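*Asks:* Chain R is fixed; fit chain D onto it per the hints.
Those sequence lines, one after another, are chains R and D.
So the first sequence is numbered by this note's numbering: it starts at 1 and just counts up by one.
So the second sequence is numbered by this note's numbering: it starts at 1 and just counts up by one.
Heads up, a few of these hints could be off.
[Claimed, not checked] Over the 12 angstroms line for every Cβ pair with chain D, so calculated as not near, a few chain R residues:
no., residue
1, T20
2, K22
3, N27
4, D33
5, M46
6, T60
7, A95
8, A125
[To be verified] If you want the ones that stay clear, here's a sample from chain D, every Cβ over 10 angstroms from chain R, calculated:
no., residue
9, T8
10, P20
11, R125
12, K294
[As the list claims (entries may be wrong)] Calculated lysine to any residue pairs in the SDA-like style (CA-CA distance at most 25 angstroms, straight line):
no., chain 1, residue 1, chain 2, residue 2
13, R, K129, D, E253
14, D, K32, R, S80
15, R, K114, D, E55
16, D, K18, R, V154
17, D, K18, R, V142
18, R, K114, R, F162
19, R, K88, D, S36
20, D, K32, R, K96
21, D, K46, R, V142
22, D, K32, R, F162
23, R, K129, D, S36
24, D, K18, R, D50
25, D, K32, R, E157
26, D, K250, R, I139
27, D, K52, R, H158
28, D, K18, R, F140
29, D, K32, R, G164
30, D, K32, R, D84
31, D, K52, R, Q122
32, R, K44, D, K250
33, R, K114, D, F43
34, D, K294, R, F162
35, D, K32, R, K114
36, R, K88, D, P77
37, R, K129, D, K32
38, R, K96, D, Y6
39, R, K129, D, L11
40, R, K96, D, T8
Hints were generated in silico from the structure; no laboratory data involved.
These numbers come from a predicted model, not from an experiment.
Heads up, the beta-carbon is just placed ideally off N, CA and C, and yes, glycines get one too.
Letter by letter, the chains look like this.
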Amino acid sequence: MASAPENEKNASAPEKKTLTLKSMINNEEFVVDEHVALQSVTIKNMVDSDCAGDVIPVPTISGEILALVIEYCKNHANPSASEDDLKKADAGIVAKDIYTLIDLVLAANFLDIKGLLEVTSQKIADSIKDLPHQDVREIFGVENDYTPEEEAAVRAEHDWAFEGFP
Amino acid sequence: MASGLYMTEELIVENLVKLPVKSLLRFRCISKSWYSMITYPGFIAKHLDHNKEEENGRLCVFNCDFDARRCAFAVYPDKTLTVPLFEYIGGLKLKYLAHVLGPCNGIFCLINPHHRQALWNPAIREFRNLPPRTISDDIHYTSKGEVFGFGFDPFTNDYKYRDGVYYWCGEDKNELPIYLSFDMADEVFRMIPEKHSAPNREASYYWHLDEYVQRLLKEGEEKDDEYYWRKEVVAVGPFAGAVYPLGFWKRGELIVGDRDNRLFLADPNTLEMKDLGNVAFQAFVYHESFVSVKRSSNQESDNLSDAQHDLLTFDIRHWKTFIDGEWRAVREDQSVITGKPSMECVSKDLRVKGEDAKWRQVCECRRPSGGGVSYPSHYQGERQDSSSQPLAR
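Okay, chain R solo, but in the shape it has when bound (with noise of 0.2 angstroms):
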């Protein structure tokens, strides 16, 4: 009994181990620890596989959207973390104008944070929903490819849900 504490100690305290992330969008680095980057599954599954080298090029993410990943993943991997301290640090994260935040949801959804996704995503709804859908085109970067007559048929079915959108 008397030697549990220490075996606990041993066991919990190796050297940290830390990876070290980078954009190859602007070549900025991040050094995190080991488990807070092994959120990503992304980046498990390259550890895990012996595909991980000391720096691990993120490809298609700018150091400020991964900086914010690692915001979250700090956040997270903090097992002393509330739900209350973790939602308004989540709430925090995602208080971005809605291009940062799609930039946000496909950093997320390519490194494989589910969390992330999940709370990104849901801001993302939350800020379209009361949006002109002319604007919720532009942002999306989506062709319309209606002729003006196909799409007035289609707003016909549902006229109601237009009131006060151009």
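*Replies:* The following block gives chain D in isolation, referenced to the frame of chain R:
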């Protein structure tokens, strides 16, 4: 997108399922591919699953203004229930309704006093009259028998919510359970002879299947304007002044009404009653959905105004009013009947066990429509008493 990544359809869908139905109806105008994404049955099912999560339910109330002879459905603007403003939904201009059942998958069943039924999805404003039942002899809406359960079982294919069967359950004159089904494909009402033949998947609203029974009963006695309720063997209350249990809210709270039909949120732990600032006849936890009530064989649905006319025009004499905590109804033969309200709730989702879970379910509620309060005989005269558990069997 500066990053060089792009939104795959899958990722867009991930965002779209979190949108309210009304936004989605507008966003179908964005492009043809968005239209197909949003109307794809798989998407509708996914959207429904997302909305069904407890967190996403909103409080929907059914209000009637007797003087104006008008009824309407409305939802609270957010889940905090602190803003007593309503957003009216569904676009129905109702006169009077006998019963509102559901909602199930965002669909309500409306029944008029002539036993005509209609399915209604307020979020997409679809309304569908069901054909008259031809097997009405054995199921009664009057006296003790009443239809009060409403559920839906999609056939094997989860995505085809259209091709499924709606279920009602109730009691006959002798208080024996009766199940009625309506097949969306062949549009035929059927009696289901035995309770065991009722499918128990999505069996949310079968008050009678033992495993799923959760009852909230008002105890037979009124004391100092306080009522005692009990759900299964659990006694809840007393809540001062509360007369009508209307349903369950999140985290086990109850929605109750006082004798003036004012709405309160009642906490079973602290016994606190929070005034919700509104008057309502019925209250539901509502999860909006895109699920269509149209016929599966063709795209035609009932024209809303014609359909309303068909279902909802009926003799005002049938409607019951609530006066001083009693209801009053005038029957066809002009006789007046009165009674005190009782309520039973059945609930679904017993996945979570334990004390907390008991109050988390979505409920179906009813008020008796005639013949007086009918407690099952073994409840009569019972006081709440944690030492005796008569419902345990």
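*Asks:* Next, verify each hint and record whether it holds.
*Replies:* Against the structure, the hints:
For T20/R, the condition that its CB be more than 12 angstroms from all CB atoms of chain D holds, with the nearest at approximately 20 angstroms. Against the 12 angstroms criterion, K22/R stays outside the reach of chain D, whose nearest CB is about 15 angstroms from its own CB. Against chain D, the non-interface label of N27/R holds: every CB pair exceeds 12 angstroms, the least being about 15 angstroms. At roughly 25 angstroms, the least C-beta separation between D33/R and chain D is larger than 12 angstroms, which holds for a residue marked as non-interface.
Remark: the non-interface label on M46/R is consistent with the geometry, its nearest Cβ contact in chain D lying 18 angstroms away (cut-off 12 angstroms). Against the 12 angstroms criterion, T60/R falls within the reach of chain D, whose nearest CB is about 4 angstroms from its own CB. With a least beta-carbon separation of about 17 angstroms from chain D, A95/R lies farther than 12 angstroms from that chain, consistent with its non-interface assignment. Consistency note on A125/R: stated as away from chain D, yet its beta-carbon is not over 12 angstroms from all of that chain's, at 4 angstroms minimum.
Distance check for T8/D against chain R: the nearest CB is about 8 angstroms away, which does not clear 10 angstroms, and the non-interface claim fails. Chain R draws P20/D into its interface by the beta-carbon criterion, the shortest separation being 6 angstroms against a cut-off of 10 angstroms. With a cut of 10 angstroms on Cβ distances, R125/D falls inside the contact zone with chain R, its closest approach being about 7 angstroms. No Cβ of chain R approaches the Cβ of K294/D within 10 angstroms, the least distance being about 12 angstroms, so the stated non-interface status holds.
Taking the CA atoms of K129/R and E253/D, the gap is about 29 angstroms. The hint is violated against a cut of 25 angstroms. With a C-alpha separation of about 48 angstroms, the suggested pairing of K32/D with S80/R is violated against the 25 angstroms cut-off. Of the supplied pair hints, the one linking K114/R and E55/D holds, its CA atoms being roughly 19 angstroms apart against a limit of 25 angstroms. Distance restraint check for K18/D and V154/R: the Cα-Cα separation of roughly 22 angstroms lies within the 25 angstroms cut-off, and the hinted pair is therefore satisfied.
With a C-alpha separation of about 19 angstroms, the suggested pair K18/D and V142/R falls inside the 25 angstroms cut-off, and the hint holds. Proposed proximity of K114/R and F162/R is contradicted: the alpha carbons are some 33 angstroms apart, above 25 angstroms. At most 25 angstroms may separate the alpha-carbon atoms for a hinted pair to count; K88/R and S36/D exceed this at roughly 36 angstroms. Only pairs whose Cα atoms come within 25 angstroms are accepted, and K32/D paired with K96/R is rejected, the gap being roughly 29 angstroms.
At roughly 23 angstroms between alpha-carbon atoms, K46/D and V142/R fall within 25 angstroms of each other, so this suggested pair holds. Annotation: proposed proximity of K32/D to F162/R holds, straight-line Cα distance about 18 angstroms (limit 25 angstroms). Of the supplied pair hints, the one linking K129/R and S36/D holds, its CA atoms being roughly 19 angstroms apart against a limit of 25 angstroms. Distance restraint check for K18/D and D50/R: the Cα-Cα separation of roughly 37 angstroms exceeds the 25 angstroms cut-off, and the hinted pair is therefore not satisfied.
Annotation: proposed proximity of K32/D to E157/R holds, straight-line Cα distance about 15 angstroms (limit 25 angstroms). Annotation: proposed proximity of K250/D to I139/R is violated, straight-line Cα distance about 35 angstroms (limit 25 angstroms). About 23 angstroms separates the Cα atoms of K52/D and H158/R, which keeps this hinted pair within 25 angstroms; it holds. Only pairs whose Cα atoms come within 25 angstroms are accepted, and K18/D paired with F140/R is accepted, the gap being roughly 16 angstroms.
Of the pairs offered as hints, the one joining K32/D and G164/R holds, with about 23 angstroms between alpha carbons and a cut-off of 25 angstroms not exceeded. Pair hint K32/D plus D84/R does not hold up; C-alpha atoms about 41 angstroms apart against a cutoff of 25 angstroms. Our distance criterion of 25 angstroms between C-alpha atoms is met by K52/D and Q122/R, whose separation comes to about 15 angstroms. The straight-line distance between the Cα atoms of K44/R and K250/D is roughly 37 angstroms, outside the 25 angstroms bound, and the hint therefore fails.
At roughly 19 angstroms between alpha-carbon atoms, K114/R and F43/D fall within 25 angstroms of each other, so this suggested pair holds. Proximity of K294/D to F162/R is assessed by CA-CA distance (about 22 angstroms); at most 25 angstroms being required, the pair is judged to hold. Distance check on the hinted pair: K32/D and K114/R sit about 29 angstroms apart at the alpha-carbon level, beyond 25 angstroms; violated. As the CA atoms of K88/R and P77/D are separated by approximately 22 angstroms, the hinted pair is consistent with the 25 angstroms bound.
For the proposed pair K129/R and K32/D, the alpha carbon gap of about 19 angstroms is at most 25 angstroms, so the pair holds. The hinted pair formed by K96/R and Y6/D meets the criterion: a straight-line CA distance of about 19 angstroms does not exceed 25 angstroms. This hinted pair checks out: K129/R and L11/D have alpha carbons roughly 17 angstroms apart, not beyond 25 angstroms. Annotation: proposed proximity of K96/R to T8/D holds, straight-line Cα distance about 21 angstroms (limit 25 angstroms).
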